[in-house]
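Residue numbers (the working numbering), protein chains in the order written: chain A, 1 to 482; chain B, 483 to 796; chain C, 797 to 1124.
Please note that the accuracy of each hint is not assured.
Lysine-lysine pairs mimicking DSBU-like chemistry, simulated, CA-CA at most 35 Å apart [what the hints assert, rightly or not]: (1) K365(A) / K859(C); (2) K943(C) / K2(A); (3) K544(B) / K613(B); (4) K568(B) / K859(C); (5) K325(A) / K943(C); (6) K423(A) / K613(B); (7) K76(A) / K613(B); (8) K519(B) / K84(A); (9) K325(A) / K883(C); (10) K568(B) / K1069(C); (11) K859(C) / K423(A); (12) K855(C) / K365(A); (13) K943(C) / K18(A); (14) K1109(C) / K76(A); (15) K855(C) / K28(A); (16) K1109(C) / K28(A); (17) K859(C) / K240(A); (18) K84(A) / K613(B); (19) K788(B) / K84(A); (20) K38(A) / K855(C); (21) K84(A) / K522(B).
Computed from the model, here is a short list of chain A residues facing chain B with C-beta under 7 Å [said to hold, decoys possible]: (22) G143; (23) R399; (24) G424; (25) V439; (26) T443; (27) F447; (28) T450; (29) R467; (30) A471.
Ranges of calculated distance between the beta carbons of each label pair, as one might list FRET restraints [stated by the list, open to error]: (31) S301(A) / P899(C): 35 to 45 Å; (32) Q839(C) / D448(A): 38 to 48 Å; (33) L17(A) / T856(C): 50 to 60 Å; (34) R355(A) / R1085(C): 50 to 60 Å; (35) E512(B) / Y1115(C): 56 to 66 Å; (36) D308(A) / P899(C): 41 to 51 Å.
Don't read these hints as lab results, they were simulated from the structure.
For each residue, glycine too, the CB sits at the ideal point set by N, CA and C.
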Amino acid sequence: MKFEYAPAPESRDIARLKPSYGIFVDGKFRAGRGEAVKTINPATEEPLAEISEAAGSDVDDAVKAARRAYEGAWSKTSPAGRSKYLFRIARAIQERARELAVLESLDNGKPIKESRDVDVPTAAAHFFYYAGWADKLGYAGFGPNPRPIGVAGQIIPWNFPLLMAAWKIAPALATGNTVVLKPAETTPLTAITLAEIIAECDLPPGVVNILPGGPAVGQALVDHPGVDKIAFTGSTGVGKMIQKSVAASGKRVSLELGGKAANIIFDDAPIDQAVEGIVNGIFFNQGHVCCAGSRLLVQESIHDEVIDALHARLETLRMGDPLDKNTDIGAINSAAQLARIRALADSGDDEGAVRWSPECPIPAKGFWFPPTVFTGVSQANRIAREEIFGPVLSVLTFRTPQEAVDKANNTPYGLSAGIWTEKGSRILWTANRLRAGVVWANTFNRFDPTSPFGGYKESGFGREGGRHGLASYLESEAYLAQ
Amino acid sequence: MPSKAKTPAQASGSGTNPGRSGSSGAGSSEARLTVRKTYKLYIGGAFPRSESGRSYPVTDAKGALLAHAAQASRKDLRDAVTAARKAFSGWSGATVYNRGQILYRIAEMLEGRRDQFIAEVVASEGISATKAATQVDAAIDRWVWYAGWADKYAQVAGSTNPVAGPYFNFSLPEPSGVLGIVAPQDSSLLGFVSVVAPAIATGNTVVVLASAQRPLPAVSLAEALATSDLPGGVINLLTGSVDELAPWLAGHRDVNCLDLTGVQPAARVALAEIAADTVKRVYAPARLDLAADPGMSRLAAFTEIKTVWHPIGV
Amino acid sequence: MSATLSTPSAAVSAPAGGIDWSHVGSDNASLRRFLHGLPGVDQVGAEARAAALATRSIKTTAKAWAIDAAIGMVDLTTLEGADTPGKVRSMCAKAARPDPSDPSTPAVAAVCVYPDLVATAVQALHGTGVGVASVATAFPSGRAARKTKLVDVADAVAAGATEIDMVIDRGAFLAGHYSQVFDEIVATKAACGPAHLKVILETGELVTLDSVRRASWLALLAGGDFIKTSTGKIAPAATPPVALVMLQAARDFADRSGDVRGVKLAGGIRTSKEALRYLVMVNEVAGDRWLSPDKFRFGASTLLNDLLQQRHKLTTGAYDGPDYVSLD
């Protein structure tokens, strides 16, 4: 018998799409003075809505509004008051969870089961967590009187649009800062809807400003003299430019950049769960994850067994309509990203690695790339060194734990890593030696608001999440001395 | 018509004798009879009367009768401890996120009954509506404060310990178990919340003796708790005589901690001595400043620190 | 084929087909080496996988297909001290024609009764194609002398049972006496003759998923035609993580031996939603070779009526009530 799952699409109407969206400045929604661009559904290439983007003058308005709010209403709001505002936002996200999830999947291309079960609930949880910190900063270990920095300029990527907005806004507000946030150009919709929520929660005008726009808007925000702090999540290339731009300014910076994480499978691993961890590590969100487990380091003695099991598992993945509740792999976010993935995958072929993908019909329209596994990859190959940011796994082997660690660390990145073994002491031995900001053992791609996240080396600096995430938005001695 | 009523809300719109008044004029020819509330115990998520069948009169500050509250017996106390123990594994095993959400939900439920609680505190304590409103607001905000602690206390009170050797070593706080609490006698709502919320925030379950003379706001609070997603048995409320019940609570062998905040200093030593028979953690603060930042001391008082060693090796 | 697997107590040789298992051996030490050499099961990961599979959304045509498939996989069961011939005859009538109002409703796979009621069931089901399964081997505890258990099996087979559901000796398994468990399965299989053997692991008493995986392999190596979760008399019975690990064992055993053995989930499955989630798990973890009553069963009683009510919902469009399906 064959068990064919019938289509089970989530209703698009839940998203309550509007024909056009603008910017949110000083508590008001209005058209931006920049270009009007269409944001499209990457699964169909159909336009979803028109966005009137911000221009440089809008950035100036937003920063001034944020400054006024910082010096006025927001600094007059008690810590307990800030706490209550953030709790309100958390609850409002929970209330509108399904709407946000559908909107996210439409705009981003990610499967509804991920936006519904991961992005949106984790975003709400992040606000909930930092809400509780707002009136407890004195207990957080940053001295008796922790102080905010001021106006934070925040630039976020397109891979987790709402969740990244939550990661940026929640700790900034909890610590008493005001923000100007620029969502990614291809995924502005949930950030603007979050602005609606923030407005409905009656936050004072100017505390949060949201400016959809492209790189020029980001640059204007980075360069604006009224901004005290830049928080950026995105590519390492752009992160370096930002760090250079603000070098002379005295602005505080935190950067969460690219990665090329090693997922290490020892021969005593729980194999079935390790296979799930490999799949979750690289195919979650189409591999559009900075901490994706894109390099599989498998002990040579179990290589064939693991790869066979992985192939069998990948045959059950379902690629297609992001709104279908049974879709595992959605669309690539943009044509440009698809081109980058294709180019890097082709380099894998050219350099002699062996490409494999499951039987996987590709929809006629939209941006799609099948789950792909390269075996026989060498540490020297581009697909082992460069961040692909797509559903492409490079498999390498190792013989001893030390070799696994050496290979895992042999990269300019250092965001995350995975370890699979049933032996507890080996987990700790390996974790101690990995130069990465997050190490998952016998799991992968877990996120929780209480848990700090961020990179070593060229994966950036500063932490988001957890108690440590507060530090990115608190004034520090080093800067006070300047 | 209700302008001078210092009424518990269940009798809102009634006349000058809160809770007992039978009429509500509202300009109609036939006065509407109010429906009065029976104040019961709260054990294991249910609202039983005392198994003893006893009740006792509760009066307002001027001596007028408000209601007959259930007068719990030592058997009710025994049942309450059983319920608290039964609830402990689930509540202490819930995620801190879940516990925080539920504590916040309690605040939401109280906010919606704010006027009711103001009326009840006015009736119970004989203070002005303005002062009562301050107390009720503070009680609601206290739930929010501790909701925020649920997922942070371990981060602040726990540690990794850099022992000299190839070991990973960490310490974390865990709830002590079942707490017996004697709630403050004067502050009927804010005092009650201030001792109960921190105890359950870290995962303990409690048996709490409400203020003997002013128990009614606590019983109404229990009605809000019952609709707040709080699992039955996490908070068990007894009303009655503290003198009668406290020694049984102090002596119960399945109670792990004793909070004597609501016991007069003179009576504390005898209870602490009983508690020593099973090495209960006894918490008896010199004073309870309800206006101050609550801090972490009540969270710390009813947690145990567990330290785990694990080798690091290939 | 492994000659070493046959034991003095076993009349069968070579219980596991298609591959040489001789390295396993039949003595306790080598069985232990093999079973403890299987990859571990990480509980958190297994539970997460089971929970993820439970989010599959089975609608419209897929739901209609799955409900009928599930009905055809039910072992309609009564295992009460109060069972009577009348009760069993009534249940058999329902098994053969679950929904008299709709002849397109498939019959269930089998009924499952105690040995002394097998003859009644056989008579009642004559000519229907519905199988008769019987629990045996001192069900449910399994605490009896081996010869008593084997007589129990022989009685049921003699009365016409086509399937025997045995219980393993959980005490022996937990004590590490693997060869004792193995030998008993081999002996029971021999006593079954032509009847199929389902081996009940009683996973609620094994507790850990590592033990579930080891017991599954032990039962498969010893020649069980099916591995089955539970007696239904112990909680927890069938759970999604346990089903996951048993399906993985059947899949891995088939991959290595070429021999596809069945899996039966029993106890605690009461709703169509749960049954459909298990079918999704069968489909995605083991594969479609298991999507057949020959290889997958639900041991259940109340589940059937819920499946029928859901079936009514699909045909009538209105939510159904218990008055519109027959009592068992």
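Check your understanding: So which of the earlier hints does this model not fit?
Key -> Violated hints (numbers, rising): 2, 4, 5, 6, 9, 11, 13, 14, 15, 16, 17, 22, 23, 25, 26, 27, 30, 31, 32, 33, 34 and 35; every other hint is consistent with the structure.
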